[in-house]
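Starting from the known structure of chain A, fit chain B onto it as the hints suggest.
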Amino acid sequence: NAGVTQTPKFQVLKTGQSMTLQCAQDMNHNSMYWYRQDPGMGLRLIYYSASEGTTDKGEVPNGYNVSRLNKREFSLRLESAAPSQTSVYFCASSVDSGNQPQHFGDGTRLSIL
Amino acid sequence: GDSVTQMEGPVTLSEEAFLTINCTYTATGYPSLFWYVQYPGEGLQLLLKATKADDKGSNKGFEATYRKETTSFHLEKGSVQVSDSAVYFCALILGGGTSYGKLTFGQGTILTVHP
Numbered sequence: 015n016a017g018v019t020q021t022p023k024f025q026v027l028k029t030g031q032s033m034t035l036q037c038a039q040d041m042n043h044n045s046m047y048w049y050r051q052d053p054g055m056g057l058r059l060i061y062y063s064a065s066e067g068t069t070d071k072g073e074v075p076n077g078y079n080v081s082r083l084n085k086r087e088f089s090l091r092l093e094s095a096a097p098s099q100t101s102v103y104f105c106a107s108s109v110d111s112g113n114q115p116q117h118f119g120d121g122t123r124l125s126i127l
Numbered sequence: 511g512d513s514v515t516q517m518e519g520p521v522t523l524s525e526e527a528f529l530t531i532n533c534t535y536t537a538t539g540y541p542s543l544f545w546y547v548q549y550p551g552e553g554l555q556l557l558l559k560a561t562k563a564d565d566k567g568s569n570k571g572f573e574a575t576y577r578k579e580t581t582s583f584h585l586e587k588g589s590v591q592v593s594d595s596a597v598y599f600c601a602l603i604l605g606g607g608t609s610y611g612k613l614t615f616g617q618g619t620i621l622t623v624h625p
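Chains A and B are the protein sequences, given in the same order.
Counting in our numbering, the first sequence runs from 15 upward without gaps.
Counting in our numbering, the second sequence runs from 511 upward without gaps.
Isolated chain A, as found in the complex (with noise of 0.2 angstroms):
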């Protein structure tokens, strides 16, 4: 079972470029998530969509951008890179948006020098 498919997993990206970071999940969920994780901080919520045609700003959105292309899949922009971005990025996805457990992906590594 692939659960949440994250690509790529490790990417290096000068300052002021962009990228987009791809993620699908076959469950038939209808939330998903992007968070980042940072040293000592846990994980915190960029962007999410609690259904799919919606989208809304979770704890750290400055920066990025984010589209629900369909019910399987939910991309994550970078519109212009910068240094503070450097993080490790998982997306997940749940049932709905209540108090359902989420179910993560193995992360992206994303470097910016």
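Because the hints were derived from the structure by calculation, they are not lab data.
In this text, a Cβ means the ideal position worked out from N, Cα and C, and glycines have one as well.
Don't take each hint at face value.
To be verified - Subject to a maximum C-alpha distance of 25 angstroms in a straight line, what follows is the list of computed DSS-like cross-link-like pairs (lysine-lysine):
1) B:566 to A:85
2) B:562 to B:612
3) B:612 to B:566
4) A:85 to A:71
5) B:578 to B:562
6) B:612 to A:71
Claimed, not checked - Which bits of chain B does chain A cover? Going by a derived footprint, with three or more residues having C-beta under 8 angstroms, they are:
7) 554-565
8) 572-581
9) 612-621
Okay, now just chain B, sitting in the frame of chain A:
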């Protein structure tokens, strides 16, 4: 706002030792509580959950009880193994209001178990 506080790490134990990782929370409503585990190079996996006061979540020998009176959800295991070495995250989620569906995480506790 909502928050989760975990005990400072890292925690280092010998195999078969007893484990406790403390977790307390602050929330405006009635959250559901979770423990997630992250093995090196992997994403987070749900370890156990509890959705209301006095519920006990359990999985793979780990247990945690939702204590509303002390706003706590401490993780325990009676006998740890080397394979339990990982980072453990306590988290809460509220089922309504502006925090609907948003997981709030603690900072994580690194556990290392030696043979």
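Hint-by-hint comparison with the structure:
A hinted pair counts as satisfied when its Cα atoms are at most 25 angstroms apart, and residue 566 of chain B with residue 85 of chain A does not qualify at roughly 33 angstroms. Under the criterion of a C-alpha separation no larger than 25 angstroms, the hint pairing residue 562 of chain B with residue 612 of chain B is consistent with the structure, at around 17 angstroms. The straight-line distance between the Cα atoms of residue 612 of chain B and residue 566 of chain B is roughly 22 angstroms, inside the 25 angstroms bound, and the hint therefore holds. The suggested pairing of residue 85 of chain A with residue 71 of chain A holds, with an alpha-carbon distance near 18 angstroms, which does not exceed 25 angstroms.
At most 25 angstroms may separate the alpha-carbon atoms for a hinted pair to count; residue 578 of chain B and residue 562 of chain B meet this at roughly 8 angstroms. A threshold of 25 angstroms between alpha carbons decides the hint, and for residue 612 of chain B with residue 71 of chain A the separation of about 11 angstroms falls inside it, so the pair holds. Chain A is given as covering the region 554-565 of chain B, and this holds because 5 residues of the stretch bring a CB closer than 8 angstroms to a CB of that chain, at least three being needed. Here the region 572-581 of chain B counts 0 residues with a CB under 8 angstroms from a CB of chain A, which misses the bar of 3, and the coverage is violated.
Requiring three or more residues with a Cβ within less than 8 angstroms of a Cβ of chain A, the coverage given for the region 612-621 of chain B holds, as 6 such residues are present.
Violated hints, listed in ascending order, are 1 and 8; each of the other numbered hints is respected by the structure.
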